[in-house]
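Asker: Listed in order, the protein sequences are those of chains A and B. Residue numbering for the first sequence is 1 to 161, as defined by my numbering. Residue numbering for the second sequence is 162 to 574, as defined by my numbering.
What the hints contain is simulated information worked out from the structure, not anything from laboratory work. All residues carry an ideal CB built from backbone N, CA and C; glycine is no exception. One or more of the hints may lead you astray.
Short derived list, chain A residues pointing at chain B, Cβ under 7 Å [unchecked claim]:
1. I43
2. C47
3. G70
4. C73
5. G89
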Amino acid sequence: MTAVDILQGEDLRDLYRELILDHARNPRHFHKLETATHSAEGINPLCGDKLHLYITIDDAGVISEAAFEGSGCAISVASASLLTDLVTGLGKQQALDCFAEITGRLTAPDAHQSRDIGVNLDKLRALDGVRDYPSRVKCATLAWHALNSAINEQQEPVSTE
Amino acid sequence: MSQPQTRSQPQVADCRRDFPALQQQVSGHPLAYLDNAASAQQPQAVIDAVARYHGEDHANVHRGVHTLSHRATEAYEGARDKIRDFVNAASRSEIVLTKGTTEAINLVAQSFCRPRLGPGDEILITHLEHHANIVPWQLVCEQTGATLVVAPINERGELELEACLGLMSEQTRMVAVAHVSNALGTINPVADIVAAARELGVPVLLDGAQGVPHMAIDVQALGCDFYTFSGHKMFGPTGTGVLYGRETLLDAMPPYQGGGDMILEVSFEGTTYNELPYKFEAGTPNISGTIGLGAAIDYLNGVGLDRIARHEDELLSYMTRKLADLPGIRLFGTAASKASVQSFLVGDIHPHDLGTILDHQGVAIRTGHHCAMPVMQFFGIPGTARASLALYNTEADVDQLIAAITKAQRLFA
Numbered sequence: 001m002t003a004v005d006i007l008q009g010e011d012l013r014d015l016y017r018e019l020i021l022d023h024a025r026n027p028r029h030f031h032k033l034e035t036a037t038h039s040a041e042g043i044n045p046l047c048g049d050k051l052h053l054y055i056t057i058d059d060a061g062v063i064s065e066a067a068f069e070g071s072g073c074a075i076s077v078a079s080a081s082l083l084t085d086l087v088t089g090l091g092k093q094q095a096l097d098c099f100a101e102i103t104g105r106l107t108a109p110d111a112h113q114s115r116d117i118g119v120n121l122d123k124l125r126a127l128d129g130v131r132d133y134p135s136r137v138k139c140a141t142l143a144w145h146a147l148n149s150a151i152n153e154q155q156e157p158v159s160t161e
Numbered sequence: 162m163s164q165p166q167t168r169s170q171p172q173v174a175d176c177r178r179d180f181p182a183l184q185q186q187v188s189g190h191p192l193a194y195l196d197n198a199a200s201a202q203q204p205q206a207v208i209d210a211v212a213r214y215h216g217e218d219h220a221n222v223h224r225g226v227h228t229l230s231h232r233a234t235e236a237y238e239g240a241r242d243k244i245r246d247f248v249n250a251a252s253r254s255e256i257v258l259t260k261g262t263t264e265a266i267n268l269v270a271q272s273f274c275r276p277r278l279g280p281g282d283e284i285l286i287t288h289l290e291h292h293a294n295i296v297p298w299q300l301v302c303e304q305t306g307a308t309l310v311v312a313p314i315n316e317r318g319e320l321e322l323e324a325c326l327g328l329m330s331e332q333t334r335m336v337a338v339a340h341v342s343n344a345l346g347t348i349n350p351v352a353d354i355v356a357a358a359r360e361l362g363v364p365v366l367l368d369g370a371q372g373v374p375h376m377a378i379d380v381q382a383l384g385c386d387f388y389t390f391s392g393h394k395m396f397g398p399t400g401t402g403v404l405y406g407r408e409t410l411l412d413a414m415p416p417y418q419g420g421g422d423m424i425l426e427v428s429f430e431g432t433t434y435n436e437l438p439y440k441f442e443a444g445t446p447n448i449s450g451t452i453g454l455g456a457a458i459d460y461l462n463g464v465g466l467d468r469i470a471r472h473e474d475e476l477l478s479y480m481t482r483k484l485a486d487l488p489g490i491r492l493f494g495t496a497a498s499k500a501s502v503q504s505f506l507v508g509d510i511h512p513h514d515l516g517t518i519l520d521h522q523g524v525a526i527r528t529g530h531h532c533a534m535p536v537m538q539f540f541g542i543p544g545t546a547r548a549s550l551a552l553y554n555t556e557a558d559v560d561q562l563i564a565a566i567t568k569a570q571r572l573f574a
């Protein structure tokens, strides 16, 4: 039996969409990046989620490579995996725009004014389901805060709890 | 549970009907509330007692001459008497009301230990303590230069008793041990610990937060010097708790906080403190909550602590057996002597994903480190899922848990 059958017609399917489960089971770019120029740690101590995000920013200010390692729930791992897919090839500012867009969308959906940042964020719609699970929003945003921290070269680990 | 009990006595789990919160559905399923080690639900009798105080008797205690203040004081102090009986303290002076276990332990750390300890002194705890029985001692160690010593546990989550006793010495100035582990359910061999400590003249604090709801407590028989517990884990309101302390020790301790109610006379030249237990109860207390706690004790006595313990033991065996039968499950906390709690992990499923999926099947469990990070570090895991039982749980709750876990396993297969 496939996962789709199990959750057919249930609200839970909004949270655990196939894309999320796929990225949680098989996270992309899931390794340490020895050549990283920037990195940051995201820790949610209450959850036990712990991610280390690595990015390489080239001389032109473009993220040429992104990777992560660590452990966490399906939502936090899938979010980090999607992030590494998405930001590869983006300029620093575009990546920061993505951070603002995705955290705004997930944490303050009513107040958030979506704007065109020139990046296709459709895939990240898969994370929208967490908005109905207040205790899980922090899982989805952890990697993104780590991205913001890495680009801004902040030293302290970030947390979304 | 599977064997019918005598007809004349109702099943303990029939008490379920006394708890309005358990009558609801969650996500279209009957609520299977298995997070009792975090906080237990309240019976109607507790809810009514609190409402009656708010609706009819509300006034400040101990200082009014009017009728309502008198009634409030009677109800509040009546609750203290019930607590004294409940744990069989020698005197009501030994029952200090706090806002919970955490405050009670901090009170002992700051008021008993801080003035007495210095470099070279040791406080002995165990590896399976809740953070509330670790951090207050760390603070007092920082303040005094004393050292925190930690007794080891084994793979089953049992205290290594011999090693623990071996760590007691002339330097030991306090032993602070959980009666029952919140993360693992282990019942510690507190009688042996108390006996060894007494031989050395070392006071013992037992953290009874997880002990009180599941077994009859007799502080005189236990022989401990301090026993701490919380109201909301024994079907009373949050913000209530108790420090039992041996009278001679409490007498010698300075106040923990200053304010109203804890004084006899105040002038700018100096203040004389009130008698026990009021010396430790500065400010207007949690009157309604304490009255509710008194009602919870009446309720527990009505059901019978021994019957509750028997029911929970049988149900814990059933739950542990059912969990162990699941493929890919790891149980944490498999001590020979346990109460009401089972921690586990299911395959690679993160506890929080499991918690969310179970919630969708109406099953409430706790996920994470359960405020016992050193226990998680011992097992090398970030956290667990934890199902914890109370008197109103049934085999049907456990079956619902098992079915929900099976569903999660299929989702993440």
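Asker: Run every hint past the structure and note whether it holds.
Answerer: Hints versus structure:
1. I43: 10 Å, violated
2. C47: 6 Å, holds
3. G70: With Cβ-Cβ at 10 Å, over 7 Å, it is violated.
4. C73: Where the cut-off is 7 Å and the nearest Cβ of chain B is about 4 Å from A:C73, the hint holds.
5. G89: Violated, about 30 Å.
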